[in-house]
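On the provided structure of chain A, position chain B as indicated by the hints.
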Amino acid sequence: MRKRLALALALSTLLLGMVSLTLGPAGISLSDTLLNLTGRSVNASQQYIIFQLRLPRVLTAILCGTILGGAGAVFQAVLRNPMADPFVLGVSAGASFGVALSITLGYSAFLGLPFSALLGALATTALIFLVGTKHKVSQTTLLLTGVAANYILSAGMTLLMFLNHEQYDRILFWTLGSFTSSTWAQVLFMVLCVLLFIVPMRLSHTEMDMLLLDEGSALAAGLPLQKIRIVLLLLATFAVATCVAFFGVIGFIGLMAPHMARLILGPKHSKMLLPTCLFGSFLLLGSDTLARLLLPTGEMPVGVITSILGAPLFIWMLRKGRYAYV
Amino acid sequence: MYSLEARGLTGGYDKQEVFNNLDLAVPKGKFIALTGPNGSGKSTLLKFFYKELIPTKGTVHIGGSEVSSLTQKNLARKLGFVPQNGRIDYDFSVLEAVSMGRYAYGGHDEEGSIEQAMRDCDILHLTHKRVTELSGGEMQRVLLARSLCQQGKVLLLDEPVNHLDVKHQRTMMNLLKRLAEKNLSVICVLHDLLLVQVYSDETILLKKGSVFANGPTEEVICHDNLKAVYNIDAHKIHDPALGRDLWMPTWY
Chain A
1 MRKRLALALA LSTLLLGMVS LTLGPAGISL SDTLLNLTGR SVNASQQYII
51 FQLRLPRVLT AILCGTILGG AGAVFQAVLR NPMADPFVLG VSAGASFGVA
101 LSITLGYSAF LGLPFSALLG ALATTALIFL VGTKHKVSQT TLLLTGVAAN
151 YILSAGMTLL MFLNHEQYDR ILFWTLGSFT SSTWAQVLFM VLCVLLFIVP
201 MRLSHTEMDM LLLDEGSALA AGLPLQKIRI VLLLLATFAV ATCVAFFGVI
251 GFIGLMAPHM ARLILGPKHS KMLLPTCLFG SFLLLGSDTL ARLLLPTGEM
301 PVGVITSILG APLFIWMLRK GRYAYV
Chain B
327 MYSLEARGLT GGYDKQEVFN NLDLAVPKGK FIALTGPNGS GKSTLLKFFY
377 KELIPTKGTV HIGGSEVSSL TQKNLARKLG FVPQNGRIDY DFSVLEAVSM
427 GRYAYGGHDE EGSIEQAMRD CDILHLTHKR VTELSGGEMQ RVLLARSLCQ
477 QGKVLLLDEP VNHLDVKHQR TMMNLLKRLA EKNLSVICVL HDLLLVQVYS
527 DETILLKKGS VFANGPTEEV ICHDNLKAVY NIDAHKIHDP ALGRDLWMPT
577 WY
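Going line by line, the protein sequences match chains A and B. Going by my numbering, 29 is the number at position 29 of the first sequence; the sequence numbering is gapless. Going by my numbering, 396 is the number at position 70 of the second sequence; the sequence numbering is gapless.
Chain B on its own, in the form it takes in the complex:
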């Protein structure tokens, strides 16, 4: 069984069809990078899985269940979502913001999942701080904790480190990697090819609403694919800390 599946997915926005008969199967319990050029459909694809968009044809599945057959609350028990540029504009406390992740359970938290999620994301010390006073890195961890306490098996993230500095990017990505190692399926939209190669087990490379390549990251991210999808050249460099080669875009 797959964590996410799209079978003949067709659909998009009112005036713009993004996917036409897309088939995709995402394995369970891995860190999956979803990447591709702007407008290739990365964020749009995620929207079908939490029902912000509905397919005009085809189906999408999560943990084997067809998404359209699930109520919004039942769906929320299967996945968590961290939005792009996520923020909360009203000054809830961190605890109040994280607790919203328990909505699908009627607010109940017998298993202490809120505390556990806050511990996992290292934000217990921020419990009573107002979310409007948080730094970008802290805010992302709050949003992640909120998603984690939904106790789903799948975590969707839309460019979660976009506006973070290098240190906070590393903190966030390490955290996501640890979650994937705990058998959570992490599907993360990423633009940074370095992060894709360092952290993901597998990569889905999208181009204009189609899957151009899908598989182990070291096979998907290569010169030929980058040239075909981004129209850029790339060269290999060796990272001694990782002990392996990485593809770098050629900047000039």
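Chain A with its partners taken away, still in its complex shape:
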């Protein structure tokens, strides 16, 4: 089941990627796209559009989806809450606030952005971690803490935009999310990020299962609880911060992807982690493709599409009480 699902998702993402490569005002057909991809086209303008504009965009959306899906699974395991997601908990907002602050202060070189995002995300994660792992804190309190963090950081972003009119559009980009200006350098950086995040995460699948137990049982069964929690959260925070630094805040992928994988394959992380990442890729590439299609001119920020898809799921999960402790 797991292998068939993974294959179906990988093929769907590939197909979607091909469709996405053909979309755009230049009107390059599928056959021309294939000719370009296989190096059999001599049309320099088409080559430029496909290789320098569209392919990096498709690849970054896939890689970013992988990370956001995986990060959602990590946050949900560490905080024992299926509704935890870097966006819902304010971690993404923390990263984007870090970036906005960095721009406002004039410190936004290529590597400066991920670093600023990381600092912002780490500060928010630390807050969530302290609240979420405290003895007898309800899951509702945790989610509300995230919502409050989101409010505060959004207010901070608005203030920065208000104080810094020249950088208004630039800062706005990080609040909504977009793959418009993806580059090959970002693709390479994201590949590295995926490897540094996904490999340790996959190797920790048993630990992630154990994290779903109550604290006492996990400890008594031999799990070095705090160490595992901190390592996994740091990895996920680093990965999410990188995504936000390059592409802005993209919500709900981390909520939707693990939920879909868990519904089909059950909660065991050895089975659901890879499909979670593939669901993340498919969802984000699909959302980006829709973002390019839905408006007659121009395009929508991808974060709007993912929120339109994810927010109803979030509300449904809250109402349904699928998990008794929510």
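Worth flagging that the hints you see were computed from the coordinates, not collected in a lab. We put the CB at the ideal spot given by N, CA and C, even for glycine.
Straight-line distance between alpha carbons at most 35 Å, and here's what the computed DSBU-like set of lysine-lysine pairs gives:
1) B:399 <-> A:3
2) A:227 <-> B:479
3) A:271 <-> B:455
4) B:553 <-> B:356
Simulated DEER-style distance windows between Cβ atoms:
5) B:339 <-> A:311: 33 to 41 Å
6) A:162 <-> B:517: 54 to 62 Å
7) B:339 <-> A:107: 36 to 44 Å
Same frame as chain A, but now just chain B:
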């Protein structure tokens, strides 16, 4: 050598010290009841033995080894723990849930301890059922099986029959008694004084973070101790099935 020992144990939660210089030695291979009023420190005491809490002063020992010197995995090979109101909110299968008890062994189970634990707890027929579909009694037996397949010599249980009906309480308690008879040290937090008297070999009676009485159950559970610890009167009744007298709280 004792199954559990606390030497000058001092500690508790961030803002609340529960124990101050507590000394305690628990014999091996017996069914020990840990009882006392709410807030006396029963559950808190267990937490020091699986390292959810760390003593600020003093030491705790398990099977002769100082707990602080053991890694979490090595500690897990010496004990098992069944939590209060234990449940697993994600729909693992029963087999997957029990297998988590083998984490300290890298998931390996050459000796068939998972199957043995499931047989001991009479849950083999539930192997592929989802834990979210289990009744309270079945869930407790799954949690117990998970602890048993850790193959420790000490089993800690925090009010394991709290939310079970009488029939399931009896099933669970009989099972624990059988385990104690197989030379496992069973240390069980219990509120129900009847269960304490029927099942335990020895009882530790706690009051406000101190050991008020510790020894054979028939000596510890008596009118004077119950009056001093709970401020209740008690009277004796004869249980013909057990063939001995039991202390009952006077309800009115």
